[in-house]
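Undergrad: Here's the letter readout for the chains.
Protein chains: 2
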Amino acid sequence: MKRLTPSLTRREFLYRAAAVGGSALLMGSMNAWGMGIASRTTTPPVLAGSGKGKKVVVLGAGLAGLTAAYELGKLGYEVQVLEARPYAGGRCQTARKDFKLHELGGEAQQCRFDVGQYINHGPWRIPLDHQSTLYYARQFKVPLEVMVNENDHAYVYLEDGGPLSKQRLRGAQIKADMRGHVAELLAKSVTGHALDTQLTGDDQRLLLDYLKHEGALDAGDLAYKGRSGRGFATNPGAGLVPGAGTPSDPLAFHDLLAARVGKVYSAVQEFPMHATMFQPVGGMDAIPRAFASRLGGRIRYHAEVQRIRQGDDKVTIDVRDTASGALSRVTADYCVCTVPLSVLRMIDTDFSDGFKAAIKAVPYAPVGKIGLQMGRRFWEEDDHIYGGHVLTDLKGINTISLPSGGWQQKKGVVLGYYHYALDAIEVSGMTPGERTEFALAAGEKIFPAYRASYESSFSVAWHRVQYSLGGWAEWTDAARKSAYPILLDGERRVLLAGEHLSYLTGWQAGAIESAWQQVETLHRRASA
Amino acid sequence: MKRLTPSLTRREFLYRAAAVGGSALLMGSMNAWGMGIASRTTTPPVLAGSGKGKKVVVLGAGLAGLTAAYELGKLGYEVQVLEARPYAGGRCQTARKDFKLHELGGEAQQCRFDVGQYINHGPWRIPLDHQSTLYYARQFKVPLEVMVNENDHAYVYLEDGGPLSKQRLRGAQIKADMRGHVAELLAKSVTGHALDTQLTGDDQRLLLDYLKHEGALDAGDLAYKGRSGRGFATNPGAGLVPGAGTPSDPLAFHDLLAARVGKVYSAVQEFPMHATMFQPVGGMDAIPRAFASRLGGRIRYHAEVQRIRQGDDKVTIDVRDTASGALSRVTADYCVCTVPLSVLRMIDTDFSDGFKAAIKAVPYAPVGKIGLQMGRRFWEEDDHIYGGHVLTDLKGINTISLPSGGWQQKKGVVLGYYHYALDAIEVSGMTPGERTEFALAAGEKIFPAYRASYESSFSVAWHRVQYSLGGWAEWTDAARKSAYPILLDGERRVLLAGEHLSYLTGWQAGAIESAWQQVETLHRRASA
Numbered sequence: 001m002k003r004l005t006p007s008l009t010r011r012e013f014l015y016r017a018a019a020v021g022g023s024a025l026l027m028g029s030m031n032a033w034g035m036g037i038a039s040r041t042t043t044p045p046v047l048a049g050s051g052k053g054k055k056v057v058v059l060g061a062g063l064a065g066l067t068a069a070y071e072l073g074k075l076g077y078e079v080q081v082l083e084a085r086p087y088a089g090g091r092c093q094t095a096r097k098d099f100k101l102h103e104l105g106g107e108a109q110q111c112r113f114d115v116g117q118y119i120n121h122g123p124w125r126i127p128l129d130h131q132s133t134l135y136y137a138r139q140f141k142v143p144l145e146v147m148v149n150e151n152d153h154a155y156v157y158l159e160d161g162g163p164l165s166k167q168r169l170r171g172a173q174i175k176a177d178m179r180g181h182v183a184e185l186l187a188k189s190v191t192g193h194a195l196d197t198q199l200t201g202d203d204q205r206l207l208l209d210y211l212k213h214e215g216a217l218d219a220g221d222l223a224y225k226g227r228s229g230r231g232f233a234t235n236p237g238a239g240l241v242p243g244a245g246t247p248s249d250p251l252a253f254h255d256l257l258a259a260r261v262g263k264v265y266s267a268v269q270e271f272p273m274h275a276t277m278f279q280p281v282g283g284m285d286a287i288p289r290a291f292a293s294r295l296g297g298r299i300r301y302h303a304e305v306q307r308i309r310q311g312d313d314k315v316t317i318d319v320r321d322t323a324s325g326a327l328s329r330v331t332a333d334y335c336v337c338t339v340p341l342s343v344l345r346m347i348d349t350d351f352s353d354g355f356k357a358a359i360k361a362v363p364y365a366p367v368g369k370i371g372l373q374m375g376r377r378f379w380e381e382d383d384h385i386y387g388g389h390v391l392t393d394l395k396g397i398n399t400i401s402l403p404s405g406g407w408q409q410k411k412g413v414v415l416g417y418y419h420y421a422l423d424a425i426e427v428s429g430m431t432p433g434e435r436t437e438f439a440l441a442a443g444e445k446i447f448p449a450y451r452a453s454y455e456s457s458f459s460v461a462w463h464r465v466q467y468s469l470g471g472w473a474e475w476t477d478a479a480r481k482s483a484y485p486i487l488l489d490g491e492r493r494v495l496l497a498g499e500h501l502s503y504l505t506g507w508q509a510g511a512i513e514s515a516w517q518q519v520e521t522l523h524r525r526a527s528a
Numbered sequence: 001m002k003r004l005t006p007s008l009t010r011r012e013f014l015y016r017a018a019a020v021g022g023s024a025l026l027m028g029s030m031n032a033w034g035m036g037i038a039s040r041t042t043t044p045p046v047l048a049g050s051g052k053g054k055k056v057v058v059l060g061a062g063l064a065g066l067t068a069a070y071e072l073g074k075l076g077y078e079v080q081v082l083e084a085r086p087y088a089g090g091r092c093q094t095a096r097k098d099f100k101l102h103e104l105g106g107e108a109q110q111c112r113f114d115v116g117q118y119i120n121h122g123p124w125r126i127p128l129d130h131q132s133t134l135y136y137a138r139q140f141k142v143p144l145e146v147m148v149n150e151n152d153h154a155y156v157y158l159e160d161g162g163p164l165s166k167q168r169l170r171g172a173q174i175k176a177d178m179r180g181h182v183a184e185l186l187a188k189s190v191t192g193h194a195l196d197t198q199l200t201g202d203d204q205r206l207l208l209d210y211l212k213h214e215g216a217l218d219a220g221d222l223a224y225k226g227r228s229g230r231g232f233a234t235n236p237g238a239g240l241v242p243g244a245g246t247p248s249d250p251l252a253f254h255d256l257l258a259a260r261v262g263k264v265y266s267a268v269q270e271f272p273m274h275a276t277m278f279q280p281v282g283g284m285d286a287i288p289r290a291f292a293s294r295l296g297g298r299i300r301y302h303a304e305v306q307r308i309r310q311g312d313d314k315v316t317i318d319v320r321d322t323a324s325g326a327l328s329r330v331t332a333d334y335c336v337c338t339v340p341l342s343v344l345r346m347i348d349t350d351f352s353d354g355f356k357a358a359i360k361a362v363p364y365a366p367v368g369k370i371g372l373q374m375g376r377r378f379w380e381e382d383d384h385i386y387g388g389h390v391l392t393d394l395k396g397i398n399t400i401s402l403p404s405g406g407w408q409q410k411k412g413v414v415l416g417y418y419h420y421a422l423d424a425i426e427v428s429g430m431t432p433g434e435r436t437e438f439a440l441a442a443g444e445k446i447f448p449a450y451r452a453s454y455e456s457s458f459s460v461a462w463h464r465v466q467y468s469l470g471g472w473a474e475w476t477d478a479a480r481k482s483a484y485p486i487l488l489d490g491e492r493r494v495l496l497a498g499e500h501l502s503y504l505t506g507w508q509a510g511a512i513e514s515a516w517q518q519v520e521t522l523h524r525r526a527s528a
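Taken in sequence, the protein lines are chains F and W. Following UniProt numbering, the numbering of the first sequence begins with 1 at its first residue and continues without gaps. Following UniProt numbering, the numbering of the second sequence begins with 1 at its first residue and continues without gaps.
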């Protein structure tokens, strides 16, 4: 067996550089040490050589663990995945009929949705920029459908929106009217010669042309008077209803400004939120299921990691079977540990004090979601909203998101809230029943049919979920400087992987790309 | 049998009012005559009474004919639909393996796409605003999927785009940079006190706040310096790649203005183009098929209408069987004629001269489309474009549209052009093979893999298609005034319906809503 030789000098240097905090120096030296593997974002690394005869134990069957095990397996490594839960996926979970969740210190929940109804209470979106996630969906032929992440037809509802408070505004109204008023203002600055020193006459003419189009300004007086994109009061139709329909009146500029709603919508969605966004048909857990069926018996479920020890030439993991209580021991040449840092810091390890401190330095995000099965898709039938997010400042709600599938069917599961930080902490103290009431009381302010249509709920507070203890790693700038490079380097025969070791925290792509990187690192070290 | 009493006085009045051209007077009087049935846009009319014992012949099994037959059937009328084609749907067609089309005077085409591949060469989009179309999809449980009608990740490619010519720009780049530059300009007008007379200090502060967000302006100097929404040069990933990725440089404001690309994208999609847009899974013809299976034997195919005659108490239709050549005669109490006006004007009728003139007054749009089966989804694999439209000024192309289904599968059918007017006329003169070459020569300028991936094509020039003779009715303002109300009134026992009798021409919703209106009119007259 080849000896892995983690240069003590190198690790010492890393700790020192981290303490000094010079990240340019640090990154330069990591490159010099061969740690600066270029991040792969679209396809897994293509590696020479073989892992035959070497065993890797992977801790955790979330996306990072599954990816690492799958790719290492392809390289010829003997792989064993230890997963504490009875299923694969980690935080990538889909709640459907009979799915069980027992939050720490909370009531047990068993999902009572109808067959075919579900909520992705973990990751729920695959952006087109996350080619790594799409890569496996393609490899494993996981059918995808569009996840409607942007819907200008959905409502914005503000309790504290000044003159526009407590109104159901459509996103398109806000967008159209803000753009219209702003275009009018700038167009009049042009014609009033306020921009003569900044723009040539040609550019002014071209700008006016653009503004007329962008703001749908009146060709004559350059005023914004509404547009069909903000919606008609009456739609055009057959017979004698005229083609222009009945136009609806724009919201006043001052009201829009005072309500601060312009910021709700941007013409441009930032990375990685822009369309086209996807979701697997039938639930996000289709992806870990596809991995798991390929890994088969190499995943051991109910296997809770109790202790991690490293010798000179092997790693030893003590495991408790959560079903039988039986204890056992697994040894391997290397270990890829994908356990969230929030959990790892409570496991008995022989990591160095510096490494343990780095693990402890990373806070995890409190995150909560609730799925509400509705007996009638009132948002489609009554409001003609198909998918997307209803944005609101209703305390603790943040968004009410509507399902992007099962179009026009009878029932559907609405995401009743999706909150972080203090909101998540507060609501997580409630029982499942109280959370439901909390969500209904808010939702019915926006949708009259909300409470009457409600049938059953399923909620999660990720910071209270065993083996997760948080939604995702929430790096501080300080921890990125000090802890990140240390964790990235791993310790001796143990490498870490997961969304926490990426700049895509909270996304499956972060977990996958981190695994890709660590597979490459492990293989290089093992082949050295 | 009840006698239908179309008041001669009324019709005479209509002709006279149309001649005078006073549409307000006309509409007022039509209301007075009970013709002003409110347009229904969401659900079919709920009518009292029964049509039992009365027979209606419906000419044409397009969406209007199918809707009329289905709704009249529900009311108890005996319904017979005469359809010249061997299938229902009219212009709502889906070309898949073995679909045949023989344009007038052209080469016969038989679609050679792989099983599972198709192109909707007629209607291809169902906007959320078209609740009437969605109504039947819901009633008939036609599975829908999102049709990606807006995709900021798709390219804009201009041959004649000044300084930005012959570049593959992403929609998001153009949007982000135009919004950024414009926001910067207006923000600096605010801070330069150019708007002090127009806005209060409070509103100026709120506007600045909005502009910083909308334009992603630098908080310090209010300059636009790019944003993640326009795309990174390198995406953020795992390992040491920093979170912000590598930013990409904005396009210069002057170049954007000179290229006139700002107008390509609007922050607001006008009615009815905004998301969420749908398509039936597997092809648009799922909708007429659903109607047809419910109407069953009441649709007679291969039934070409040769002659329309009206007596005092019945309508007589002479029919030629296009398969056998046999002639036959159908009589009914009423007729709903949904034959496009472009075709109806060549049929032998005993309509009054005024009615015939009205039928002739409406021009039809030349429209062409081509579907290109590609052996590899290079637009997804190489360019990460998932659905949506590549906009271009390449002569005769207009748009290259990418399929909104079969995500990440091997093959797909691209819409190679979608053109109207002169472009459509010119390209329609080509053979199918020449059209394919025309489309490939353009497409390969944008996508290097375009020609090499091409496998087979299917094209249509709607103005050359028998029984259609055009894409849709293209009303002139003059014809709307003169011919429209006359056609809307029908003549004696014959009522007309179709997209041409709506303000939603070219849309299935227009056909459906027109049928709803004429069903109501017919039932009221028949019950009178």
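Mixed in with the good hints there might be a few duds.
No distinction is drawn between identical chains; accordingly, a pair holds when it is met within one copy or between any pair of copies.
[What the hints assert, rightly or not] When the alpha-carbon atoms are kept at most 25 Å apart in a straight line, the in silico DSS-like pairs for lysine-lysine are as follows:
(1) K356 with K212
(2) K263 with K212
(3) K141 with K411
(4) K225 with K263
Think of the hints as simulated: they come from the structure by calculation, not from any bench.
Undergrad: Looking back at the hints listed earlier, which ones does the structure fail to meet?
TA: 1
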